[in-house]
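Chemist: Sequence:
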Amino acid sequence: MGGSMSPNAGLSFLSPRRDEPRIVEMPVQGGVMPEKPVCTKKLRRRYVEEDDATSVITSEEDDCISPGYHTSLPMEVHGSCYSEMQMISQASYHRLRCSSVVITQHSFDLETFTYYVISLLCQKHQKIYNVFYDWAYEVISVCPLSQTIVCMLTAQFSARDQPLAICIHCTGRMDCVFHNRQYESRILFTWNMESGQWLVLDYGELKEVHEQFNPLKRLGKARLTFAQMAKKMGKEMAVSLGLNLPDYTSNLRVLNSDIRKSKMFISDLDNMVEFHLKRTHHETL
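Numbering (the UniProt record's numbering), first residue to last: 1 to 285.
If you're looking for bench data, these hints aren't it; they were derived computationally from the structure. The reader is advised that the hints may include incorrect statements.
Taking lysine-lysine and the DSBU-like style, the derived pairs with C-alpha atoms no more than 30 Å apart in a straight line are [as the list claims (entries may be wrong)]: (1) K207 with K232; (2) K207 with K127; (3) K231 with K42.
Full structure from sequences and hints, please.
Modeler: Okay, structure coming up:
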């Protein structure tokens with residue numbers, strides 16, 4: 001361990017301690033701490049043509065035995081002639097062995113992750129977490145090769161100092177008007193969707209908010225305002241960190257706009273994928 005400057009010395013929106021010498025610390029890593037909660041889940045669903053599905057098992061039976069059916073997102077898959085395809089279990093597919101469509105869902109429990117990380121920050125500063133008021137997430141970048149997401153969390157919550165024996169309000173109540181304070185903090189973390197591992201890269205110190213949170217006054221506006229603030233900081237962070245990555249989330253990208261002749265192949269250099277026109281047996285020879 002040794003002294004160093006914060007790696008975010010030029011980022012005013014993340015870490016209030018950026019200009020102060022600090023002790024080099026190991027980042028908070030998922031899987032290292034025994035109390036780490038399970039924040040990620042990966043679900044794979046397999047769909048086949050409805051005629052094939054009815055030949056092996058009914059949909060009601062599959063709904064009962066398919067793992068994770070209660071947490072999967074609703075989805076419709078259509079096959080030939082736009083006919084709806086049927087989801088089947090892995091066991092049914094092993095008996096059927098036909099053409100199928102596999103859809104993988106990656107889920108991240110934001111609420112559990114937020115509670116865990118903020119509780120660690122409060123513990124680090126000898127404080128006790130009380131309750132969340134608001135939080136917002138903003139995706140900074142997505143790497144399609146490593147399937148890693150860089151994301152920023154901004155949270156507003158209340159916390160108090162460790163219980164004081166001389167304060168009857170702290171020992172008997174959570175909302176002590178003398179020692180309860182409101183704070184904001186920002187956390188930069190990554191999540192690998194394939195492995196399910198997450199890693200906190202950096203975090204800001206607890207910044208006290210003097211304006212009291214009023215749910216009636218900010219009803220209908222707090223979530224939107226907080227999300228907009230996180231979006232603005234996320235854009236600034238992407239520019240400051242030099243993350244000039246292509247827009248992988250775009251629904252439409254033009255790979256080749258030349259319409260003068262038919263294409264034998266189409267190359268997507270961003271994703272390192274190339275599509276070739278199927279060759280006949282005569283062309284192969």
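Chemist: Does each hint fit the structure? Answer for all of them.
Modeler: Quick rundown of the hints versus the structure:
1. This hinted pair checks out: K207 and K232 have alpha carbons roughly 19 Å apart, not beyond 30 Å.
2. In summary, the hint linking K207 to K127 is supported, as the alpha carbons are separated by about 13 Å, within the 30 Å threshold.
3. Using a Cα cut-off of 30 Å, the hinted pair K231 and K42 holds, with the two alpha carbons roughly 27 Å apart.
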